[in-house]
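Could you build all of it, start to finish, from the sequences and the hints given here?
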Amino acid sequence: MPKPTRIEINCETGEETVIELTDAEIAELAYQAELAAERKAEEEAAAKALADKKAEVLARLGITEEEAKALLA
Amino acid sequence: MANTYELIASVTVGAGGASSIDFTSIPATYTDLVVMISARGSNAAQYVDAYLRFNGSSTNYSGKSLVGSGSTVGSYSEPTTGIRIDVDAASNTASTFSNHFVYIPNYTSSNYKSASVDAVYESNTSSNNQLWFIGNLWSNTAAINQVTFVAGSSSSFVQYSTAYLYGVKNA
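Chains as they are written, first to last, in our numbering: chain A, 3 to 75; chain B, 965 to 1135.
Don't read these hints as lab results, they were simulated from the structure.
You can take every hint at face value.
Per the computed footprint, the stretches of chain A lying under chain B, defined by three or more beta-carbons under 8 Å from a beta-carbon of chain B, are:
hint: 1; region: 5–12
hint: 2; region: 15–25
hint: 3; region: 33–42
Just so it is clear, CB atoms sit at the ideal spot from N, CA and C, and this is done for glycine as well.
Here you go:
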């Protein structure tokens, strides 16, 4: 399986080079991907918690989201 | 108001794709930089994370984003590893690319560097369209001489993704 490549453009000379990634660069990309996945999971959990809290409050007040927006407008 | 916008360099990704696009040896003769990106990722997802980084550094970034999607608005703290420039990916509407406008003022100064991002994920469904405004800070005093656009999640940018680097002179 061919290794992934990156494109490097030297802005002084205009030279464009396609370079095969090293094993270290591939490992670094994989590590950064893990960090990104963790962060995305945290963001999704926070968004769900906020949505659940909102629904709970609306239910307690006995109003719909549209009614809440009208109140807060 | 800028006196000039000059194209420094540009690239279009070829058939083999690219895990990153790297503008190196950026001349220090401009006042500000503008990066305009139109890209799509190869992963089987609606979006794939991607990042803009300066001088090869993946540390000391911070920022806030304001995101609109359908009727929802959200605000997020941005990652410390780069300026997030997420892009459409293979599961989103076919042949559509995210578009990003990045303004980097005073890129040669000895102060920390700020960047602002105006971005949109293109999609034919209202739930998958997103608008992003991001204010970011790279807490590093070095002049920027390298700008790298890298795909995350072990993805790559597909063919016809483009990146344009402009220099702006205010005098």
